[in-house]
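Protein chains in written order, with my numbering: chain V, 1 to 392; chain D, 393 to 990.
Just so you know, not all the hints are guaranteed correct.
[To be verified] Below, in silico cross-link-like pairs of lysine-lysine (DSBU-like), each with a Cα-Cα straight-line distance of 35 Å or less:
no. : chain 1 : residue 1 : chain 2 : residue 2
1   : D       : Lys963    : D       : Lys911
2   : D       : Lys957    : V       : Lys313
3   : V       : Lys220    : D       : Lys876
4   : V       : Lys313    : D       : Lys709
5   : D       : Lys636    : V       : Lys257
6   : V       : Lys31     : D       : Lys957
7   : V       : Lys31     : D       : Lys955
8   : D       : Lys463    : D       : Lys709
9   : V       : Lys119    : D       : Lys946
10  : D       : Lys946    : V       : Lys313
11  : D       : Lys955    : V       : Lys313
12  : D       : Lys636    : D       : Lys615
13  : D       : Lys709    : D       : Lys636
14  : D       : Lys711    : D       : Lys615
15  : D       : Lys885    : V       : Lys313
16  : D       : Lys957    : V       : Lys220
17  : D       : Lys897    : D       : Lys980
It is worth saying that the hints were derived from the structure and are not from the lab.
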Amino acid sequence: MQAQSSNHTINANAGGSTGALYVHIPFCRSKCGYCDFYSLPDRQELTGACVRAISLELRRHAHHLTIPLDSIFIGGGTPTALELPLLEQLLAMLAEYRDERTEFSIEANPCTVTSEVAKSLLNAGVNRVNIGAQSFVETELTALGRIHDPTEIVTAWETLRLAGHERLGLDLIYAAPGQNPDSWRFSLDQALDLAPDHLSCYALTIESDTDIGRQRDRGKFVEMDESDQAECYRAAVTTAHDAGLPQYEISNFAAPKNRCRHNLTYWLNEPYLGLGPAAASYLGGVRRTNRPDVEVYIQALDTGVAPPCHREKLTGRALMGETVMLALRMSEGINRRAFITRFGMDLTDAFGRTIQRYCRQGALQLTREHLRIAPDAMIVSNTIMADLLAEV
Amino acid sequence: MDQQYIRNFSIIAHIDHGKSTLADRMLLRAGAITQREFRNQLLDTMDLERERGITIKASAVTLDYELDGQKYMLNMIDTPGHVDFHYEVSRSLAACEGVLLVVDSAQGVEAQTVANAHLATRGNLDIVPVVNKIDLPAARPEDTAMEIEKLIGQPAEDSIFTSAKSGEGTDDMLRAIVERLPAPAGDSGGKTKALIFDSSFDEYRGVVVYVRVFDGRLSVGDKIRMMGTKDVYTLSGMGKFCPKPTQVETMEAGEVGYIIANIRTVAAIHVGDTVTLETDQAAEPLPGYQPPQQMVFSDFYPGPGTQFPTLRDALDKLKLNDASLTFQAISSDALGFGFRCGFLGMLHMEIVQERLEREHNVEVVQTAPTVPYEVLDTKGNIIEVDSAGELPDVNVVEELREPIVRVDLIVPADSIGGVMKLAEERRAIYQETEYLSADRVILTYEFPLAEIIYDFYDKLKSATHGYGTMDYEMLCFRANDLVKLDILVNTEKVDALSVIVHRSKADARGRSLIRRLRKEISRHMFEIPLQAAIGTRVIARETISALRKNVTAKCYGGDVSRKRKLLEKQKAGKKRMKMVGNVEIPQKAFMAVLESAE
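Please put together the full structure from these sequences, using the hints given.
Quick look at the structure:
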């Protein structure tokens, strides 16, 4: 799997084609306290126009897509919060670009999963559903601003299983307000009891322009102590591993065959197409991010022009730095041969100083094939990556 | 020109008291420059100087001036405007018969005014006091004139009131130069003696040497001898700045100008040296020559983006036009290869560091500046040591001597208490108090130079609500109870962090140093013990705890650029770092050594 994906890297700059498609649905039932994604809780009147605009944007870029697609990922927001007919319309539109080998993922909030939704997803070919569980402790869910309770996670899970969904994943958050390492272990255990084939555990990142950020700044709660966060992280790594879900990226755990192929595209720094307001694409070496404004997005596509976006093109050593930064997120690290093929030089020539320094400390591991961050050092990986980027 | 129609003078003033504008005013009045050129402050040539509002390179300007039907040659010799360049100022003054002592009428007399006035008096120069900036609303010209009277003993009514801004008083000033300053009185038929008072480097002509001819004459083609360095050259050109360069064939006794003799580096030219003719040598040089004296030393190491040879080339280039800079290659156990650089003072050091970064684009990590020490060993030898790391073994040290300076502090009378307390904390020995006026005082102290090189000036400013000024002058080396304080980072002794301190202050200094280091060194992936020790005795200890978590939880398609920028930001400002073992020590940590114990 890793080797396959790494070889794929060779074509990353080959031009503007990709087999990875992301669709951003910027709507949700209620904004969570920590969410800094572009998502609108009370703009139901725009959903229809937005899905139509997405179909127009898809048409504009369809020539970039290699069909059948390797992966489709619908994220948000909460895509499953769309009214069912609209969701079905979206799924049908995307289903044209897939076949049975396509990894077709969607994110879901527990309380949006009805048996109808579950069936529609399955019928459209969705073969991976990721549930935003976040925690199994009610007070923690409330503190995070989640609208579901722990029992609804289980209900949603059973609904999906009953409908026939096989690949199910869960997201959890640690370092939530009021959480401690023990309550985190409880949530972990509860999650693993459901036997997911994929688990994501994210340290809560508190952005200052979110509800939770403002609460913290006002002293409403104290962020979890750093060593407790480290303990939570290690608990996730060992517990998931013992449950047959080895870590494959900083925050992601799954057996090799169940890794999220779509997300691997990002970490391998390969091209992808993103549709929808605020969605990002990486095509022909250019990162393009649509402006996070649903009305502007709809209006542009309705009038037949490209939605306004921010563009950035990295080249040379900056691109090398970004590639290494992304690849080192993965447990297997970066494939040295693929790097040479892509950039014409060995990693140790490009980043010799930092690599030598951290290898000496045991925080980086260099083999003939790979450079990777030692498992223990993953939790301080930013320090290493910052030094790598500084060497660029 | 007959010497009786020549006047050689300097303008001496505290920084910002209007020296350059006043000089330009005179040039404008004498018709040497246009109104447009007047704006450009001709005497300052380097950008850096302009930005800092100071003049580093002295030069001389010759202007023709007619008064009451008689033509005069006025040579205006510029002086460096900072305490670090004391010796250079004294040599510029030695080239003159008189000075204009310029004082800002809103600021009054300041420490540098006093220092320069003392230099002028000691050099037996005649002084014309000038009270400038009388156009300012806060001007108090009469009070200022009284302060000058106190300072130099000339009646207040002798002061000339000017406004360099409006031009008022310029004529009075020019007349006073002619009428009140003496003409040179050299022996034009005698053996040639010319004083070197400055030099600068010109890409096309090599070193331009500024001289004042005292006796005899210099002509193009002459074979000349530098009496101090004993070097011999052939004069290939000479001239004057009027203020544009104007070539001449000969300079006679009393005249001032520049000479060119195919000299490739200013380091070959010593300010204060005497030029004579190789074929007809003077018996004695002019008095007052001293080799440049570096009072501050700091080790410069190449930063992460700079190679050792690049730094060496950059220093070589700087040295071309900075004779006072010295440097020699060193190697530190902790920091690798670098250069020990010697400077006249702190400002000089800052200028060099800035020019390295700005003009030569090299990154420098520098160690805390130190003063030179003298060691008397048990065999009776005197060894000069310019870093703590070089101290010989304690067993062979008979005496450790530190440089002592005489410091004049001009402060408001109501802040005397605070200033005295500050001086006491810095081991100063009180000398005398002199009242300039009812509310302004000159306090004179002897300070160990090491106690004033870093943040003393800032502390003085805050103790005097910004009004205090200072000037210092080297006195002697004096034995004291000094010890070497070592710093260990992650159990490794960092020689570049060692300091020499007075024994009574060692404990407090060690503790505060370690505390500062703990703040400056960021957390690593492992725990870092910090220790301060005298010999083998550890006197202070702190620990930097390990970094537990520094991770980006989510990084998907839409996050890549932002997350990369966040990581780049983590690293920004860390460019000037040095690795000691596995520990990254930032530039600021090396400077922490200097902060006083608080």
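Evaluation of the provided hints:
1. D:Lys963 x D:Lys911: Holds, at about 17 Å.
2. D:Lys957 x V:Lys313: holds (14 Å)
3. V:Lys220 x D:Lys876: Measuring from Cα to Cα gives roughly 50 Å; hence the hint is violated.
4. V:Lys313 x D:Lys709: Roughly 39 Å between the alpha carbons, so the hint for Lys313 of chain V and Lys709 of chain D is violated.
5. D:Lys636 x V:Lys257: violated (82 Å)
6. V:Lys31 x D:Lys957: Cα-Cα ~26 Å, so holds.
7. V:Lys31 x D:Lys955: holds (23 Å)
8. D:Lys463 x D:Lys709: violated (42 Å)
9. V:Lys119 x D:Lys946: holds (30 Å)
10. D:Lys946 x V:Lys313: Cα-Cα ~22 Å, so holds.
11. D:Lys955 x V:Lys313: This hinted pair holds, its Cα atoms lying about 16 Å apart.
12. D:Lys636 x D:Lys615: At roughly 26 Å apart (the allowed maximum being 35 Å), Lys615 of chain D and Lys636 of chain D satisfy the hint.
13. D:Lys709 x D:Lys636: holds (26 Å)
14. D:Lys711 x D:Lys615: holds (26 Å)
15. D:Lys885 x V:Lys313: violated (46 Å)
16. D:Lys957 x V:Lys220: holds (29 Å)
17. D:Lys897 x D:Lys980: holds (22 Å)
In this structure, the hints that do not hold are numbers 3, 4, 5, 8 and 15, in rising order.
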